[in-house]
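Chemist: Following the hints, position chain B against chain A.
As given, the protein sequences belong to chains A and B, one line each in that order. Those letters in the first sequence? Residues 6 to 523, per my numbering, in order. Those letters in the second sequence? Residues -1 to 443, per my numbering, in order.
Don't read these hints as lab results, they were simulated from the structure. Some hints could be false.
[What the hints assert, rightly or not] Here are some chain B residues pointing at chain A (derived, C-beta under 10 angstroms):
id, residue
1, Thr0
2, Glu27
3, Arg58
4, Ala82
5, Arg89
6, Ser116
7, Gln245
8, Val291
9, Tyr406
10, Val442
[As the list claims (entries may be wrong)] Lysine-lysine pairs mimicking DSS-like chemistry, simulated, CA-CA at most 27 angstroms apart:
id, chain 1, residue 1, chain 2, residue 2
11, A, Lys393, B, Lys285
12, A, Lys192, A, Lys205
13, A, Lys413, A, Lys192
14, B, Lys154, A, Lys344
15, A, Lys393, A, Lys413
16, A, Lys207, A, Lys192
17, B, Lys154, B, Lys285
18, A, Lys393, A, Lys484
19, B, Lys15, A, Lys459
C-beta atoms are modelled at their ideal positions from N, C-alpha and C, and glycine is treated no differently.
Each chain is listed here by its residues.
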Amino acid sequence: MHNHEPPIFELSGQGKIGVNLPQIDVPQSDLPADLLRTDDLAGLPELTEPEVIRHYTRISQRNFAIDTTMVSLGSCTMKYNSKLHEEAARLPGFAAAHPLQGEELSQGALQLMYELQAYLGEISGFDAVSLQPAAGAQGELTGILVFRAYHLDRGDHERVEVLTPDSAHGTNPATAAMAGYRVVEVKSDARGNVDLEDLKRKLSPRTAALMLTNPNTLGLFEEHVVEVTRLVHEAGGLMYGDGANFNAILGIAKPGELGFDFMHYNLHKTFTTPHGGGGPGSGAVGCTAALAPFLPAPRVRRVPQTDQASPPTERGASLRPANAAPLPEGAYEFFVPEKSIGRMKTFHGNFGMLVRAWTYIRSIGAAGLRKVSETAVLNANYVQARLKHVYPAAVERTCMHETVLQGKLAMAPEVRTLDIAKRLIDYGFHPPTVYFPLIVPEALMIEPTETESKRTLDAFCDALLAIAEEAARDPEMLKRAPTTTPVRRLDEVRAARQPILRYDPAVFARLREEGLQF
Amino acid sequence: MTHYIPITDADRAEMLKTIGVERLTDLFEAVPTDHRFPPLRLPDPLSEPELRRELGRLERMNAHASSHMIFLGAGAYNHFVPAAVDQILRRGEFYTAYTPYQPEVSQGTLQAIFEYQSLICALTGMDVANASHYDGGTALAEAAIMAINVVRGRRKIVVAPGVNPQYRAVMRTLLQGVDVEITGDENPEASLAEVAALVDQTTAALVVQSPDFFGVLHDLRPLTTAAHAAGALMVAHFDPIALGLFQTPGEAGADIATAEGQPLGVGLSFGGPYLGIFTCRQQYVHKIAGRLVGVTRDVENRLAYVLTLRAREQDIRRERATSNICTNQGLMALAAAVYLSLVGRQGLRQVAELCYHRAHYAAAQIAQLPGYQVLDRGPFFKEFVVRTPRPVGAINAALREQGIIGGYDLSGDYPHLGDAMLLCVTEMNSRADIDALAAALRAVA
Chain A
6 MHNHEPPIFE LSGQGKIGVN LPQIDVPQSD LPADLLRTDD LAGLPELTEP EVIRHYTRIS
66 QRNFAIDTTM VSLGSCTMKY NSKLHEEAAR LPGFAAAHPL QGEELSQGAL QLMYELQAYL
126 GEISGFDAVS LQPAAGAQGE LTGILVFRAY HLDRGDHERV EVLTPDSAHG TNPATAAMAG
186 YRVVEVKSDA RGNVDLEDLK RKLSPRTAAL MLTNPNTLGL FEEHVVEVTR LVHEAGGLMY
246 GDGANFNAIL GIAKPGELGF DFMHYNLHKT FTTPHGGGGP GSGAVGCTAA LAPFLPAPRV
306 RRVPQTDQAS PPTERGASLR PANAAPLPEG AYEFFVPEKS IGRMKTFHGN FGMLVRAWTY
366 IRSIGAAGLR KVSETAVLNA NYVQARLKHV YPAAVERTCM HETVLQGKLA MAPEVRTLDI
426 AKRLIDYGFH PPTVYFPLIV PEALMIEPTE TESKRTLDAF CDALLAIAEE AARDPEMLKR
486 APTTTPVRRL DEVRAARQPI LRYDPAVFAR LREEGLQF
Chain B
-1 MTHYIPITDA DRAEMLKTIG VERLTDLFEA VPTDHRFPPL RLPDPLSEPE LRRELGRLER
59 MNAHASSHMI FLGAGAYNHF VPAAVDQILR RGEFYTAYTP YQPEVSQGTL QAIFEYQSLI
119 CALTGMDVAN ASHYDGGTAL AEAAIMAINV VRGRRKIVVA PGVNPQYRAV MRTLLQGVDV
179 EITGDENPEA SLAEVAALVD QTTAALVVQS PDFFGVLHDL RPLTTAAHAA GALMVAHFDP
239 IALGLFQTPG EAGADIATAE GQPLGVGLSF GGPYLGIFTC RQQYVHKIAG RLVGVTRDVE
299 NRLAYVLTLR AREQDIRRER ATSNICTNQG LMALAAAVYL SLVGRQGLRQ VAELCYHRAH
359 YAAAQIAQLP GYQVLDRGPF FKEFVVRTPR PVGAINAALR EQGIIGGYDL SGDYPHLGDA
419 MLLCVTEMNS RADIDALAAA LRAVA
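Excised from the complex, chain A in its bound form:
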């Protein structure tokens, strides 16, 4: 691995260019002198194509990624991303289609979206699906805004609280707050479930919803999920399903049948659209028929004979301009659900991700999806079984697709989870999620996914067991890890105290004078 690659700005040379653009082939028009930028774009670098390619290729090699190693990040579902999906999304009819070019010219894209809506609904047991939200957190916000609209539509104005378990992802309380709700935390019990007594105490006529991840962030299936959904409904609240852990239950259980009213799908987790180093994702959402009229616009339907002939979940106004010629019956079109909360983002969602998810579902089918979850759960339980006598499990139970262990080693009390995670890097593995969920001290949250072989799982477990032995023998070695990476442990406090958030030649010159190598 390369030790240094300077910021791209330091590779710049005056007069260079990395693209081959057309000549201006029309008469030139006057430019409005008072509106021109005055700095001559002096801050942008100048490079040729080979220099740009080498720079970004070199820095890419300073990453761990699924294509190079197992990434066992819990709640992230870092499974293999099919190469076919990348080809599919780059077909010109998908990759170079304009979102506003009209339904006449977009029937293939719309059919794909319509079918994906139906597949996701079937897999999760919901009546209606919107593909618009851009990521899981946006799916959550969509759900809470839909709940709000539903309650208000019924004249129910008193529901100002959203309940979230103490094990919830941070996005849940952040979302509820963003939608204007007060967040009320519900405790977990000793078996890792929602504490039913605490839930009963906190449910009230003020309850708008409970946001629940199932399996939860301890990697455990909620043993009383049907009871939980019943209690929330009896209190007049609605059940939000955080789909981050949906990879555990494809063909195993349908959230819609368990009493959830709404859920988001992380297509970038369960349906293997790539994480991209932090996005793009896709946070499509599904819901019951009662909530369908509130979904964000636009959704896709087949053109009905009349609006009344539409299924109830597909009623609403067409998005077509008033003067456009009608589409033939059975063609695909966009529509705005009758009581839609509006538009969550521009256009129709992260379409490129939808193409990948559709391709995934079509390539493995129903049996393949069930096999995915069965194997994901098998792999997680295997890792748990091999490690729990050294790394205690947060809860002693059969887990689902991930296991939460603790980096509390009896023979090396001074060693922390962070040290174990960093040492794992020297064995060539990306660390698991650490210090989450917050209710587990020294948490190590491991999600192997179904696309790792037994050979890799064994190597991963062997590494963690070897680290435990190292910890007992030489704890200082763990504190020094990692040692094999392009950079080692960082001074993160300095980064926050004196933030340098962009390249500035003077600042970087000073860093060099201070002896920094880069």
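Modeler: For chain B alone, coordinates are given in the frame of chain A:
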């Protein structure tokens, strides 16, 4: 077994033994029995060759930038994407990586985002850029939310009617749960000066777009002065390509500036994934949403990149976070970084010049056509409004027959304009294309 699952039957038997259960189904006993293993009614799976055929059938039913001449913009733009951009995006080390929470094994992604932030600051003249939002619309909505958080005690956002209607819709959707008034765009013909006059002591921000939805360039400096005089923030939405020639939000004095980053090396992709560019002044950095990459050093005194100022984010602050955003558009930010590195200082200006001169050539050609009128709304960049002799739907239907995707029909969002379309010309439309458009418009008049 599918071709993505490497566990053999023998592996499974051995693993179940280690776990201490007899059957695979024993692992699912926590699932209520009457809801366990529901059938999934899905189409039969397809092999890769079959699937390629089906994908091909669907994609061929769509028009695209190679099958048609595109003169449509309205928030999504047919700009040139150099081949080198996608070659970098296709590197598994980038696109199959996770969010760079573990900096020692994520220096590639972190350096790329740091360079993206730096390039965006150089492009805009702003102090700080974050690691991205979902798209231009959500970036602008987050700007409004941030303004409410910065300017304490004020609950009003004044937004100009020339801001993209979809962005205004997104802003209203995302803010519907909180007590904030969004106003200023009730009169679609209100001038920017009239809109700025609505900014008062209760206003948190003035939100404008330049070039506006109609393609018109504005000098934003007087608007900044007006906003600041009332104690409000100036939020400017820009077109990153236009900054190859025209006034930057930094020069305009904007406090927060956002953009749709799709023109920077991200394809049309039927509307997404795109790139929300978000920038602000240094003094507001602790109120910014989303991820930020900064510079520090490791124990061996090597320069290193790391996510920083994390105490603003949802996984740490939970209900007190500045936003719920987690996954963003990281790979699209990489695309923009590679694009800006390739075009660089000269190339960006050339792209902007091509757009400007070709759009003005197109406007001049169309202005000569009987029945058509190019509206003079002020200096414009790459889009302009044309009044049409017939409804836009009928004109676009005729253009489709000629392999042309015509302009955006303004009659829905701006009915007062009558039959009018918003045309867009970029560096991808040659003079010959423009002449073909003019001829087709003449024929349909």
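Chemist: With reference to the structure, classify each hint as holding or not holding.
Modeler: Hints versus structure:
1. Of the supplied interface hints, the one on threonine 0(B) holds, with its beta-carbon coming within about 5 angstroms of a beta-carbon of chain A, less than 10 angstroms.
2. With a cut of 10 angstroms, the hint placing glutamate 27(B) at the interface with chain A holds, because the nearest CB-to-CB distance is about 7 angstroms.
3. Taking 10 angstroms as the C-beta cut-off, the interface hint given for arginine 58(B) holds, the closest approach to chain A being about 6 angstroms.
4. Because the beta carbon of alanine 82(B) sits about 5 angstroms from the nearest beta carbon in chain A, less than 10 angstroms, this interface hint is met.
5. Interface hint status for arginine 89(B): upheld, as the beta-carbon distance to the closest one in chain A is roughly 5 angstroms, under 10 angstroms.
6. Given the 10 angstroms rule on beta carbons, the hint for serine 116(B) holds: about 4 angstroms separates it from the nearest Cβ of chain A.
7. With a least beta-carbon distance of about 5 angstroms to chain A, the hint placing glutamine 245(B) at the interface is held under the 10 angstroms criterion.
8. Interface hint at valine 291(B): satisfied, since its Cβ lies 7 angstroms from the closest Cβ of chain A, which is below the 10 angstroms cut-off.
9. Interface hint at tyrosine 406(B): satisfied, since its Cβ lies 6 angstroms from the closest Cβ of chain A, which is below the 10 angstroms cut-off.
10. At its closest, the beta carbon of valine 442(B) sits 14 angstroms from a beta carbon of chain A; the interface hint therefore is violated under the 10 angstroms criterion.
11. Between lysine 393(A) and lysine 285(B) the CA atoms are separated by roughly 42 angstroms; this puts the pair beyond 27 angstroms, and the hint is violated.
12. Note on lysine 192(A) and lysine 205(A): the hinted pairing holds, with a Cα-Cα distance of about 11 angstroms set against a maximum of 27 angstroms.
13. At roughly 23 angstroms between alpha-carbon atoms, lysine 413(A) and lysine 192(A) fall within 27 angstroms of each other, so this suggested pair holds.
14. Taking the CA atoms of lysine 154(B) and lysine 344(A), the gap is about 25 angstroms. The hint holds against a cut of 27 angstroms.
15. At most 27 angstroms may separate the alpha-carbon atoms for a hinted pair to count; lysine 393(A) and lysine 413(A) meet this at roughly 11 angstroms.
16. Annotation: proposed proximity of lysine 207(A) to lysine 192(A) holds, straight-line Cα distance about 10 angstroms (limit 27 angstroms).
17. With a CA separation close to 18 angstroms, the supplied pair lysine 154(B) and lysine 285(B) stays within the 27 angstroms bound.
18. A threshold of 27 angstroms between alpha carbons decides the hint, and for lysine 393(A) with lysine 484(A) the separation of about 23 angstroms falls inside it, so the pair holds.
19. For a cut-off of 27 angstroms, the pair hint linking lysine 15(B) to lysine 459(A) stands: about 13 angstroms separates their Cα positions.
Of the numbered hints stated above, those contradicted by the structure are hints 10, 11, listed in ascending order.
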